[in-house]
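Between the sequences and the hints, there should be enough to build the whole structure, so can you do that?
Just so we're aligned, residue 9 is where the sequence shown starts under this note's numbering, counting upward by one.
By construction, these hints were calculated from the structure, which means they are not laboratory data.
Fair warning: there could be bad hints in the mix.
With a cut-off of at most 35 Å between alpha-carbon atoms, the simulated DSBU-like pairs for lysine-lysine come out as follows [said to hold, decoys possible]:
no.	residue 1	residue 2
1	K52	K25
2	K134	K25
3	K122	K45
Between beta-carbon pairs, the in silico distance windows are [what the hints assert, rightly or not]:
no.	residue 1	residue 2	range
4	H116	I78	34 to 44 Å
5	K25	S137	42 to 52 Å
6	D60	S19	27 to 37 Å
7	Y68	G151	36 to 46 Å
8	L157	K45	20 to 30 Å
9	S117	D60	16 to 26 Å
10	S149	S19	34 to 44 Å
11	N24	S137	22 to 32 Å
Note that the Cβ used here is the ideal one computed from N, Cα and C, for glycine as well.
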Amino acid sequence: TKFSVNKNNVSSSYCNKVNRFIVTCQDLNHIDLSGCKMPLDVLKLLISGLSDNILLTEVYLNLASCELGISGLRQLASQLPSLTNVTSLILKNNEGEGELTTLLAALHSHKGVKHLDISENFNKLKDKSNFVKTLISLIESEGSTIQSLNISKSEAEI
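As structure tokens, then:
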């Protein structure tokens, strides 16, 4: 089942309905919320719904251009261990440069994400060398499940 509400406004009340749908859906494998401005409380509800549904596997989660920012990426990083059913995570263009390294560190202990897109998040990244070191460490770690990685428009020297 595919769920797509890209480029729409997502309010907390609407997200409560989406959360109930995610929790009860037995074969959901594609969630596209790209281009939706996502307040922190909405992100928490989404993560909660995905975490609560143990029947979901191999979920593609597209949160590109959701204006997650630093607090949203921090929230996602802290709850990443509970998202064991997410295998593709698209975080392109989310203005969260300050938390990319934290997110990558959280991915070290997450053994489900196979496809990661963090492109177009690097314009304001101050410490690119630390980011690159964390990224390389993630890719080279023995238990890494990353099969594809998109860091286009990163301006990082790898």
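A quick look at each hint next to the structure:
no.: 1; hint: K52 <-> K25; result: holds (14 Å)
no.: 2; hint: K134 <-> K25; result: violated (39 Å)
no.: 3; hint: K122 <-> K45; result: holds (25 Å)
no.: 4; hint: H116 <-> I78: 34 to 44 Å; result: violated (20 Å)
no.: 5; hint: K25 <-> S137: 42 to 52 Å; result: holds (44 Å)
no.: 6; hint: D60 <-> S19: 27 to 37 Å; result: violated (20 Å)
no.: 7; hint: Y68 <-> G151: 36 to 46 Å; result: violated (22 Å)
no.: 8; hint: L157 <-> K45: 20 to 30 Å; result: holds (26 Å)
no.: 9; hint: S117 <-> D60: 16 to 26 Å; result: holds (20 Å)
no.: 10; hint: S149 <-> S19: 34 to 44 Å; result: holds (39 Å)
no.: 11; hint: N24 <-> S137: 22 to 32 Å; result: violated (42 Å)
Violated hints, listed in ascending order, are 2, 4, 6, 7 and 11; each of the other numbered hints is respected by the structure.
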